[in-house]
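**Q** Just so you know, the sequences run in chain order A and B.
Sequential numbering from 1 applies to the first sequence in the working numbering.
Sequential numbering from 1001 applies to the second sequence in the working numbering.
There may be inaccurate statements among the hints.
Stated by the list, open to error - In silico lysine-lysine, DSSO-like type, Cα no more than 30 Å apart, as pairs: (1) B/Lys1029 with B/Lys1011; (2) B/Lys1070 with A/Lys8; (3) B/Lys1109 with B/Lys1024; (4) A/Lys73 with B/Lys1070; (5) A/Lys48 with A/Lys13; (6) A/Lys73 with A/Lys48; (7) A/Lys13 with A/Lys73; (8) A/Lys120 with A/Lys73; (9) B/Lys1109 with A/Lys8.
Said to hold, decoys possible - Residues from chain B that keep clear of chain A, each with C-beta distances beyond 10 Å, as calculated: (10) Val1017; (11) Val1035; (12) Glu1046; (13) Gly1122.
Keep in mind the hints are simulated off the structure, nothing from the lab.
Bear in mind that the values here come from a model prediction, so they are computed numbers and not experimental data.
Every residue gets a Cβ at the ideal spot worked out from N, C-alpha and C, and that includes glycine.
Here are the chains, one letter per residue:
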Amino acid sequence: MMQGAYDKIPVLKIGDFLITSIQVALHDRLALGLQDDILAKIQETNAKGLIIDVTAIDVLDSFITRVLVEIAKMANIMGVKTVLVGMQPAIAITLVEFGMELTGIQTALNLEKGLELIEKIVMAEQE
Amino acid sequence: MSDAEETIPIKDEYAIVAARSAGKTISSKCGFGLVDQTRISTAISELARNILVYAVTGTVYIREVAADGKHGIEVVAEDHGPGIVNLDLAMTDGHTTGGGLGAGLPGTKRLMDEFDIISAVGEGTTVTVRKWL
């Protein structure tokens, strides 16, 4: 079964930032597991920023969207800013038409722009 | 034209992933573009999740349809759960009894061309949505 092959989504630390790239079809438990892993990693690493790459996601329903928004909120409470990167045009269209809002979550076109943005946000916080 | 059709029993969260992936495959086979495939798969994901949250089990049927010279896709989400007490309220943005966003049904309706819902308390709910090419 496909779900057996991917029990975890890796959360990588690069400098002051955590980066996670969602490359598989997200089911609920995987999304909630990612939430736990990110929060644990924040505490463990003293990261200052978090980037979630959704380039490979082809469908974002209301549950997964809510989990992503909540990850950003929880990270924020722990002092970590989140930038969501790589949103596909078809998903952006669907999210807006559906009425799902990414409240309180910063976004950037791709990973490179996301890294620039998170560096700026973190620098501004430190001043 | 070969008719594409799939029946997905909804009994756990993995079935939601299976349903939306079937939606993607069938809508692509029907000739829908990427944006419509995404709208259709998102709608299927919402309907399948409603079954799981409110009725625990049910079935999603996805099929290619043709009517009045039109050609498209039809999704039927059927359960024998508790039914919906107030349909008007369920179709209102922001209303939820399931701890979700409260955008499921009205949002799904906006993503599709046709939306029908039949629900009887104690008997169950059937939602039928269609999108035309």
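**Q** Hints first: check each against the structure and report whether it holds.
**A** Structure-based check of each hint:
Between B/Lys1029 and B/Lys1011 the CA atoms are separated by roughly 26 Å; this keeps the pair inside 30 Å, and the hint holds. The straight-line distance between the Cα atoms of B/Lys1070 and A/Lys8 is roughly 44 Å, outside the 30 Å bound, and the hint therefore fails. Restraint check for B/Lys1109 and B/Lys1024: the C-alpha separation of about 18 Å stays at or below 30 Å, so the hint holds. The hinted pair formed by A/Lys73 and B/Lys1070 fails the criterion: a straight-line CA distance of about 45 Å is larger than 30 Å.
With a C-alpha separation of about 10 Å, the suggested pair A/Lys48 and A/Lys13 falls inside the 30 Å cut-off, and the hint holds. For the hint linking A/Lys73 to A/Lys48, the alpha-carbon distance of about 14 Å falls within 30 Å, and the restraint holds. With a CA separation close to 20 Å, the supplied pair A/Lys13 and A/Lys73 stays within the 30 Å bound. Between A/Lys120 and A/Lys73, the direct Cα distance comes to roughly 19 Å. Compliance with the 30 Å bound is thereby established for this hinted pair.
For a cut-off of 30 Å, the pair hint linking B/Lys1109 to A/Lys8 is broken: about 33 Å separates their Cα positions. Once the 10 Å rule is applied to beta carbons, B/Val1017 is inconsistent with being away from chain A; the minimum gap is 5 Å. A beta-carbon of chain A is positioned within 10 Å of the beta-carbon of B/Val1035; the least distance is around 5 Å. Interface exclusion of B/Glu1046 from chain A breaks down, the closest Cβ pair being 6 Å apart, not more than 10 Å.
The claim that B/Gly1122 is not at the interface with chain A holds, since no C-beta of that chain comes within 10 Å of its own (minimum 27 Å).
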